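Make the full structure from the sequences, and use the hints.
Protein chains: 2
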Amino acid sequence: MNYPWPEAGTPLDQVVTPMPVIDEDRLAANIAKAQAYFNQHGKAFRPHIKTHKIAAVARQQLAAGAVGINCQKVSEAEVFADAGFEDILITYNILGAAKLKRLRELHERVARLSVVADSEAVVQGLAATFDPAKPLAVLVECDTGGKRCGVQTPEAAAILAQKIAAAPGLRFAGILTYPAIGGAAAVETFIVRTMELLAAKGMDCPIRSNGGSPDLFSAHLVPSATEHRAGTYVYNDRSMVRSGHCTTDDLAMHILATVVSKPAPDRAILDAGSKALTSDLLGFSDYGMIEGFEGARIVSLSEEHATVDLKDCRIAFPDVGQMVKIVPNHTCVVSNLFDRMVFHRNGIVTRVEIVDARGTVW
Amino acid sequence: MNYPWPEAGTPLDQVVTPMPVIDEDRLAANIAKAQAYFNQHGKAFRPHIKTHKIAAVARQQLAAGAVGINCQKVSEAEVFADAGFEDILITYNILGAAKLKRLRELHERVARLSVVADSEAVVQGLAATFDPAKPLAVLVECDTGGKRCGVQTPEAAAILAQKIAAAPGLRFAGILTYPAIGGAAAVETFIVRTMELLAAKGMDCPIRSNGGSPDLFSAHLVPSATEHRAGTYVYNDRSMVRSGHCTTDDLAMHILATVVSKPAPDRAILDAGSKALTSDLLGFSDYGMIEGFEGARIVSLSEEHATVDLKDCRIAFPDVGQMVKIVPNHTCVVSNLFDRMVFHRNGIVTRVEIVDARGTVW
Numbered sequence: 001m002n003y004p005w006p007e008a009g010t011p012l013d014q015v016v017t018p019m020p021v022i023d024e025d026r027l028a029a030n031i032a033k034a035q036a037y038f039n040q041h042g043k044a045f046r047p048h049i050k051t052h053k054i055a056a057v058a059r060q061q062l063a064a065g066a067v068g069i070n071c072q073k074v075s076e077a078e079v080f081a082d083a084g085f086e087d088i089l090i091t092y093n094i095l096g097a098a099k100l101k102r103l104r105e106l107h108e109r110v111a112r113l114s115v116v117a118d119s120e121a122v123v124q125g126l127a128a129t130f131d132p133a134k135p136l137a138v139l140v141e142c143d144t145g146g147k148r149c150g151v152q153t154p155e156a157a158a159i160l161a162q163k164i165a166a167a168p169g170l171r172f173a174g175i176l177t178y179p180a181i182g183g184a185a186a187v188e189t190f191i192v193r194t195m196e197l198l199a200a201k202g203m204d205c206p207i208r209s210n211g212g213s214p215d216l217f218s219a220h221l222v223p224s225a226t227e228h229r230a231g232t233y234v235y236n237d238r239s240m241v242r243s244g245h246c247t248t249d250d251l252a253m254h255i256l257a258t259v260v261s262k263p264a265p266d267r268a269i270l271d272a273g274s275k276a277l278t279s280d281l282l283g284f285s286d287y288g289m290i291e292g293f294e295g296a297r298i299v300s301l302s303e304e305h306a307t308v309d310l311k312d313c314r315i316a317f318p319d320v321g322q323m324v325k326i327v328p329n330h331t332c333v334v335s336n337l338f339d340r341m342v343f344h345r346n347g348i349v350t351r352v353e354i355v356d357a358r359g360t361v362w
Numbered sequence: 001m002n003y004p005w006p007e008a009g010t011p012l013d014q015v016v017t018p019m020p021v022i023d024e025d026r027l028a029a030n031i032a033k034a035q036a037y038f039n040q041h042g043k044a045f046r047p048h049i050k051t052h053k054i055a056a057v058a059r060q061q062l063a064a065g066a067v068g069i070n071c072q073k074v075s076e077a078e079v080f081a082d083a084g085f086e087d088i089l090i091t092y093n094i095l096g097a098a099k100l101k102r103l104r105e106l107h108e109r110v111a112r113l114s115v116v117a118d119s120e121a122v123v124q125g126l127a128a129t130f131d132p133a134k135p136l137a138v139l140v141e142c143d144t145g146g147k148r149c150g151v152q153t154p155e156a157a158a159i160l161a162q163k164i165a166a167a168p169g170l171r172f173a174g175i176l177t178y179p180a181i182g183g184a185a186a187v188e189t190f191i192v193r194t195m196e197l198l199a200a201k202g203m204d205c206p207i208r209s210n211g212g213s214p215d216l217f218s219a220h221l222v223p224s225a226t227e228h229r230a231g232t233y234v235y236n237d238r239s240m241v242r243s244g245h246c247t248t249d250d251l252a253m254h255i256l257a258t259v260v261s262k263p264a265p266d267r268a269i270l271d272a273g274s275k276a277l278t279s280d281l282l283g284f285s286d287y288g289m290i291e292g293f294e295g296a297r298i299v300s301l302s303e304e305h306a307t308v309d310l311k312d313c314r315i316a317f318p319d320v321g322q323m324v325k326i327v328p329n330h331t332c333v334v335s336n337l338f339d340r341m342v343f344h345r346n347g348i349v350t351r352v353e354i355v356d357a358r359g360t361v362w
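If you read the protein sequences in the order shown, they are chains A and B.
Note that the first sequence ends on residue 362 in the UniProt record's numbering; no numbers are left out.
Note that the second sequence ends on residue 362 in the UniProt record's numbering; no numbers are left out.
Check each hint, because a few of them may be wrong.
Remember, identical chains collapse to one label, so a pair may be satisfied in a single copy or spanning two.
The calculated DSSO-like cross-link candidates involving lysine-lysine, where the alpha carbons are at most 27 Å apart (straight line), are [said to hold, decoys possible]: (1) Lys147 / Lys101; (2) Lys325 / Lys147; (3) Lys134 / Lys101; (4) Lys311 / Lys101; (5) Lys311 / Lys147; (6) Lys325 / Lys262; (7) Lys101 / Lys163; (8) Lys262 / Lys147; (9) Lys262 / Lys101; (10) Lys33 / Lys325; (11) Lys311 / Lys201; (12) Lys201 / Lys163; (13) Lys33 / Lys262; (14) Lys163 / Lys134; (15) Lys134 / Lys201; (16) Lys33 / Lys101; (17) Lys311 / Lys134; (18) Lys262 / Lys311; (19) Lys325 / Lys101; (20) Lys163 / Lys262.
These aren't lab readings, by the way, just hints derived from the structure by calculation.
Given the structure is predicted, the values throughout are model-derived calculations rather than measurements.
Written out as structure tokens, the structure is:
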């Protein structure tokens, strides 16, 4: 990408737009606050790197005390293995000869690699790929109400755990869930029951991994969980403010955009479209929040334009050529659209990091 | 991106998923059919490269008879200038010192470069950048009902045209619109009235550029337009089928995905999430169409997962590990997520092209 990335020392009002920018102090505070919480409650914390996709930021998370990192795909894990990370959990069902081959290669060079499975088909593929000389750690993914992947009952979890334990090349490492928001009680019940069933078979369940940023500071409500995974907490976004996880003072990512047209009294057009903000609504009815201009609503996006409805905005909106700051609905997806990410402190650029794992979808 | 891109000759059932693929025959047919239509009606055709972002595909469009290309941002135009394209229209208000400097550099090396403006602020920036030795061609962007950018009335268009004509470094080249779907009559009225106003001032309006894929084959309903611009027609997508522009036999892009989980009888999970399909709904209530499985609805996306509701699907859905083909709601945004694009003929890979202008948002 031929972006004119700014030098360190550049004031943000001189950068080219659209440009996502990360506030260093808020980033550091978000990392420290979450880690302090997990330290206090005696739980391991494993950040999901999908939010930033940047090795340097993951190193900040490890330096603060995280036990390792969470990736979603083999390709993402490869990027972080290349960057020297030694404890990687891939929370995905890995299927097919090509991916299993790459997973095996990854296992050769990552000290502590683990994956998940929620079906016999996935366990069979893993079992056929790994051997007892260096078994792969596998967790059973459980659906505790999130309604995505995962076995549906503790009974099914226990049965799949036994299949993993019975495969010579695999090691049953525990259970994992990505719960519904507010689902602490359901997670606790599921974990406790699964552990009982496993104990009855003489099996241990060393790792009980829970996840999610919206409920991060409620992780202690799941006492049986040993570990928590979260991604979005590192930058935060509009959806995190809505969930009560943070305030607007904790928002580390903004997208800088320029007003390129004010064609009618009730309409402004910004140069940040779906290629900068993405179309993720996450339940909102508009595509981001323009800081300082209450009532100005981003009602539609095309690839390179945001259409702002000014009808309910009582504050004089910036003129053509002026800049605005947008809080994205969802940070993680913005990171995937840019080759580099610009960091700043008090509006002065501090560094520009390559988004190492951008585009790693396989 | 560490994607294991397939070699030519690879069958599509052996590629790694998620993977968007382009059908060569349908691509060629879409290009030929649109160009034949414009030839028949005596209008210039200027494809918008945003849909594919690939120089090799733009060359196919020029070889078929297109007069030049349409880009949306300076950075996109730079990529195509680097690839040797000599007639580029940038349909965007270009503002700010950094972008104007790059636009001037582009003008030095592109034989026929033109841009648009819809306000005095934009014209002033352009006027201060270019000089009479090599004036820049500028079209007035008009809002004929699309409600994005553009002057609101023919009177305002004529006034802005005069300002452009009065700037020594600029040349008034005509008018341009990106209309609402079905807006032919409004476009024709706007163009005719603007030409009358300009004629009364002794001004010519050589280019009258209309646009859009959904109404591409209705372009003859705007007889006063000299040129048409369209992007999506080249691949087509679910929204183009809905608009009546094409049938499912004209869909050149599919996204191949693998079933990674069937956790419950009414739910399947695919490995193509918003990082492969984007969250663009374009008015649909689900995130793409799974070919051959009517009633199977992609009801939600997270970054790496599509959740498929099977409740209303009467056909046995593929098992974990098997592949499905998804018709995306919107092709252009998918192109922006992948570093390369895989082309095939009858399911055998023919070539893998770099998506040259991926991520060019500034």
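### Violated constraints from the hint list, given by number and in increasing order
Numbers 1, 4, 11, 13, 16 and 17 - these are the hints that the structure violates, sorted from lowest upward.
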